[in-house]
Amino acid sequence: MAGALDGIRIIDASRVLAGPFCSMILGDLGAEVIKIEHYESGDETRGWGPPFVNGESAYYLCANRNKQSMTLNLKAEQGKEIFRKLVASSDVVVQNFKTGTLEKMDLGFEDLKKLNPGLIMASITGFGLTGPYKELPGYDYIIQAMSGLMSITGEE
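At position 74 of the sequence shown (counting the first as 1) the number is 382 in my numbering, and the numbers step up by one without a gap.
Please note: incorrect hints may appear among the correct ones.
Unchecked claim - Computed list of lysine-lysine pairs in DSBU-like fashion (alpha-carbon distance at most 35 Å, straight line): (1) Lys406 to Lys421; (2) Lys422 to Lys406; (3) Lys442 to Lys393; (4) Lys393 to Lys422; (5) Lys393 to Lys375; (6) Lys383 to Lys412; (7) Lys406 to Lys383; (8) Lys393 to Lys412; (9) Lys406 to Lys388; (10) Lys422 to Lys412; (11) Lys442 to Lys383; (12) Lys422 to Lys375; (13) Lys412 to Lys388; (14) Lys412 to Lys442; (15) Lys383 to Lys422.
These aren't lab readings, by the way, just hints derived from the structure by calculation.
Make a model of the complete structure from these sequences and hints.
Here is the structure:
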């Protein structure tokens, strides 16, 4: 049976939870998802656990189901060129780099939409793309602490 997103190609340049979970749902709906992993170590969640299933992290397997995976060095020109070629034939890029990181590598939305004017860029951040905290990482514990939620959940 065809999925609602059959024929849609997603480039998943995200890591940890928010981005991989987003692209997991898109893959569940039938999109082709190509996950870009760090060229030396792969996705760090491959080692998270236990539990492990046949030596692989259950967390990683769950959050990255329905995806194809490849490694790229986005700091090297060859890796950037491969990424650009993928983007040129894709519909969506999902990324959760700190704000400004892709722009420093000439891979920001303004750069990529020149290759693919119809491109959609889903940028997942803890604090948005503008404002005084835009360059801070947005991990769960940071958001809990800054929102005050951590103060009511106890010390352990």
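Taking the hints in turn, this is what the structure says about them:
1. Lys406 to Lys421: 19 Å, holds
2. Lys422 to Lys406: 22 Å, holds
3. Lys442 to Lys393: Roughly 29 Å separates the two Cα atoms, so the pair holds.
4. Lys393 to Lys422: 12 Å, holds
5. Lys393 to Lys375: Roughly 18 Å separates the two Cα atoms, so the pair holds.
6. Lys383 to Lys412: 10 Å, holds
7. Lys406 to Lys383: With a Cα-Cα distance of about 15 Å, the restraint between Lys406 and Lys383 holds, given a limit of 35 Å.
8. Lys393 to Lys412: 19 Å, holds
9. Lys406 to Lys388: 18 Å, holds
10. Lys422 to Lys412: At roughly 16 Å apart (the allowed maximum being 35 Å), Lys412 and Lys422 satisfy the hint.
11. Lys442 to Lys383: Roughly 22 Å separates the two Cα atoms, so the pair holds.
12. Lys422 to Lys375: At roughly 26 Å apart (the allowed maximum being 35 Å), Lys375 and Lys422 satisfy the hint.
13. Lys412 to Lys388: 12 Å, holds
14. Lys412 to Lys442: Cα-Cα ~15 Å, so holds.
15. Lys383 to Lys422: OK: Lys383 and Lys422 at ~20 Å, within 35 Å.
When each numbered hint is compared with the structure, no violation occurs for any of them.
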